[in-house]
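Q: Note that the protein sequences, when read in sequence, are chains A and B. Take the first sequence: its letters are residues 10 to 320, numbered as in our numbering. Take the second sequence: its letters are residues 10 to 320, numbered as in our numbering.
Keep in mind the hints are simulated off the structure, nothing from the lab. Among the clues, some could well be false.
Note: identical chains are not told apart, hence a pair may lie in one copy or across any two.
Cut-off 25 angstroms, straight-line C-alpha distance, at most; resulting in silico cross-link-like pairs (SDA-like, lysine to any residue) [stated by the list, open to error]: (1) Lys249 <-> Met130; (2) Lys227 <-> Pro83; (3) Lys88 <-> Leu64; (4) Lys249 <-> Ala179; (5) Lys88 <-> Ala27; (6) Lys127 <-> Ala190.
2 protein chains.
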Amino acid sequence: MPTHTIHGDCHHVGWDNALPPVLTVAPGATIEFECLDASGGQLTAASTLADLAALDFARINPTTGPVFIDGAQPGDAIKITIGAFAPSGFGWTANIPGFGLLADQFVEPALHLWTYDKVAMTPAAYSPVGRVPLKPFAGTIGLALAEPGVHSVVPPRRVGGNLDIRDLAAGTVLYLPVEVAGGLFSVGDTHAAQGDGEICGTAIESPMSVTLTLDLVKDARLETPRYTTPGPVTRHLDAKGYEVTTGLGPDLMTAARGAVARMVDLIAARTGMAPVEAYMLCSVCGDLRISEIVDLPNWVVGFYFPRLVLE
Amino acid sequence: MPTHTIHGDCHHVGWDNALPPVLTVAPGATIEFECLDASGGQLTAASTLADLAALDFARINPTTGPVFIDGAQPGDAIKITIGAFAPSGFGWTANIPGFGLLADQFVEPALHLWTYDKVAMTPAAYSPVGRVPLKPFAGTIGLALAEPGVHSVVPPRRVGGNLDIRDLAAGTVLYLPVEVAGGLFSVGDTHAAQGDGEICGTAIESPMSVTLTLDLVKDARLETPRYTTPGPVTRHLDAKGYEVTTGLGPDLMTAARGAVARMVDLIAARTGMAPVEAYMLCSVCGDLRISEIVDLPNWVVGFYFPRLVLE
Numbered sequence: 010m011p012t013h014t015i016h017g018d019c020h021h022v023g024w025d026n027a028l029p030p031v032l033t034v035a036p037g038a039t040i041e042f043e044c045l046d047a048s049g050g051q052l053t054a055a056s057t058l059a060d061l062a063a064l065d066f067a068r069i070n071p072t073t074g075p076v077f078i079d080g081a082q083p084g085d086a087i088k089i090t091i092g093a094f095a096p097s098g099f100g101w102t103a104n105i106p107g108f109g110l111l112a113d114q115f116v117e118p119a120l121h122l123w124t125y126d127k128v129a130m131t132p133a134a135y136s137p138v139g140r141v142p143l144k145p146f147a148g149t150i151g152l153a154l155a156e157p158g159v160h161s162v163v164p165p166r167r168v169g170g171n172l173d174i175r176d177l178a179a180g181t182v183l184y185l186p187v188e189v190a191g192g193l194f195s196v197g198d199t200h201a202a203q204g205d206g207e208i209c210g211t212a213i214e215s216p217m218s219v220t221l222t223l224d225l226v227k228d229a230r231l232e233t234p235r236y237t238t239p240g241p242v243t244r245h246l247d248a249k250g251y252e253v254t255t256g257l258g259p260d261l262m263t264a265a266r267g268a269v270a271r272m273v274d275l276i277a278a279r280t281g282m283a284p285v286e287a288y289m290l291c292s293v294c295g296d297l298r299i300s301e302i303v304d305l306p307n308w309v310v311g312f313y314f315p316r317l318v319l320e
Numbered sequence: 010m011p012t013h014t015i016h017g018d019c020h021h022v023g024w025d026n027a028l029p030p031v032l033t034v035a036p037g038a039t040i041e042f043e044c045l046d047a048s049g050g051q052l053t054a055a056s057t058l059a060d061l062a063a064l065d066f067a068r069i070n071p072t073t074g075p076v077f078i079d080g081a082q083p084g085d086a087i088k089i090t091i092g093a094f095a096p097s098g099f100g101w102t103a104n105i106p107g108f109g110l111l112a113d114q115f116v117e118p119a120l121h122l123w124t125y126d127k128v129a130m131t132p133a134a135y136s137p138v139g140r141v142p143l144k145p146f147a148g149t150i151g152l153a154l155a156e157p158g159v160h161s162v163v164p165p166r167r168v169g170g171n172l173d174i175r176d177l178a179a180g181t182v183l184y185l186p187v188e189v190a191g192g193l194f195s196v197g198d199t200h201a202a203q204g205d206g207e208i209c210g211t212a213i214e215s216p217m218s219v220t221l222t223l224d225l226v227k228d229a230r231l232e233t234p235r236y237t238t239p240g241p242v243t244r245h246l247d248a249k250g251y252e253v254t255t256g257l258g259p260d261l262m263t264a265a266r267g268a269v270a271r272m273v274d275l276i277a278a279r280t281g282m283a284p285v286e287a288y289m290l291c292s293v294c295g296d297l298r299i300s301e302i303v304d305l306p307n308w309v310v311g312f313y314f315p316r317l318v319l320e
């Protein structure tokens, strides 16, 4: 059970090691963090495309914190045991022009609003077709950088941040390298569901609270984030197998773009969805995997779409 | 049940649309293919590092075929329903200098010989530690290219070939685009197990027979291979979850190399294996996934090592 709750108004945008901690804890503390959604509350269940067009990007991706962990020093790691999520039942997915793997092909804004059962957490209906299994996680989870100043929250870095790793879900243990005294931990950008890749640039963006335990590993000498999952990571969506499209060639990015573009075409053709709707659906449930990366000069990237979403 | 068996001596190395078919069939035919291992029989259960050093690369990766499918024309697709495998119980994994994701770090040859239970197909022991779940599949499965001449079997192409996709296993349905009359289908390079990426360049390379059904889809207009799996693809190895290392940055290849190098270090440190042994173990059971590909300018690649292999 958490000993503290940090409310959502204790948030910041961007990473800055000069920010004063909102809480100082001993290693082993369990804390509840109220997380805003990635829009910082700008998008709600009543939002329209006009609200998406009016987004203030200076408020995008707030994180709750920072928390100072006593004794943490550069060279150590913070061990984060991810506990329970308290989802809100509301979410949104958007195609934001200029952002996303196929930004050149999807230039118009699009917005989908989700309502899901925050207690039963049953798969969420997307449209007349499509039900997406839910698995809440924190998209942004990280520590402050050693370099002074404000650093954009968008790119993830070796200290974590906007990792958007789908499997940073309940029960996973995450290790992050410490660059500054106290680590200065913050978390936000909670998602109700996302596929590996987050290909359209957004997930089911959803405000929710998360309870985490923060421990300290001295002299861990960790280069980048690593994590341990407590069990399988895809059983919420793999029961009926996958439709898979491929891209191949000497560049992984081009191969990934090819695989995703072909899946968008396939889903749109099968369901009658508009391509941008299929693109957003792929982002919240489909997984990018590298099938082979050694058969010179052509690599194979697959996009795995879980069949149960449409069956 | 197959109506024909094509024996392993009916093989070729490389793709060449001038090769005469070894069999002509009507669409819907079910055929058993005896497949040699990727060394073409040069490596056996008695092999040593000296045999690896003496490999004749002109004999590498033979495929059994080609089969002419009546009525197949450019623009069509061959639909391949992958049936049963009859594994041999013998396999090998090697680090071949100059080949593999970390070829610059692993410059010395290494060879591991496997014996596995070809009936029970229980996880195969690697060393005093490590048991690898098995899932047979064909690493090389493809059609002839339109362009005349002999083309290397190493790189996969839009017509398939050395795809090394772990999930082309029993029950999967694969679609390949046709470029020449009859398609000219061949298969080989059978693997008893492999992780996504095949990161050291080899899997559990193992001779075995495979039974396939070849159908024709007219005017399919397929750009690259696609496939449908009949069910989950990782349940043979995900029961205890994963250890995951990450690489991140603006280049997916660099990120993938970083993630894998960190996992090799982790497995070697935990088990006492030599790094090259950990590298080969990672190749046969660990999966490369793209966690996010949209948070400019840094992408996240994860290497997922199934914990049950060591627990």
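Q: Compare the structure with each hint and give your call.
A: Outcome of the hint check:
For the identical chains of this complex, Lys249 and Met130 are neighbours both inside a copy (19 angstroms) and across copies (23 angstroms), given an alpha-carbon limit of 25 angstroms. For the homomeric pair Lys227 and Pro83, the shortest alpha-carbon distance inside one copy (9 angstroms) is at most 25 angstroms, but the shortest distance between copies (62 angstroms) is not. Proximity of Lys88 to Leu64 under the C-alpha cut-off of 25 angstroms is found in neither arrangement, the shortest distances being 34 angstroms within a copy and 47 angstroms between copies. For a Cα distance limit of 25 angstroms, the shortest separation of Lys249 from Ala179 qualifies both inside one copy, at 23 angstroms, and across copies, at 15 angstroms.
In this assembly of identical chains, the alpha carbons of Lys88 and Ala27 lie at most 25 angstroms apart only when taken from the same copy (22 angstroms versus 60 angstroms across copies). For the identical chains of this complex, Lys127 and Ala190 are neighbours neither inside a copy (37 angstroms) nor across copies (55 angstroms), given an alpha-carbon limit of 25 angstroms.
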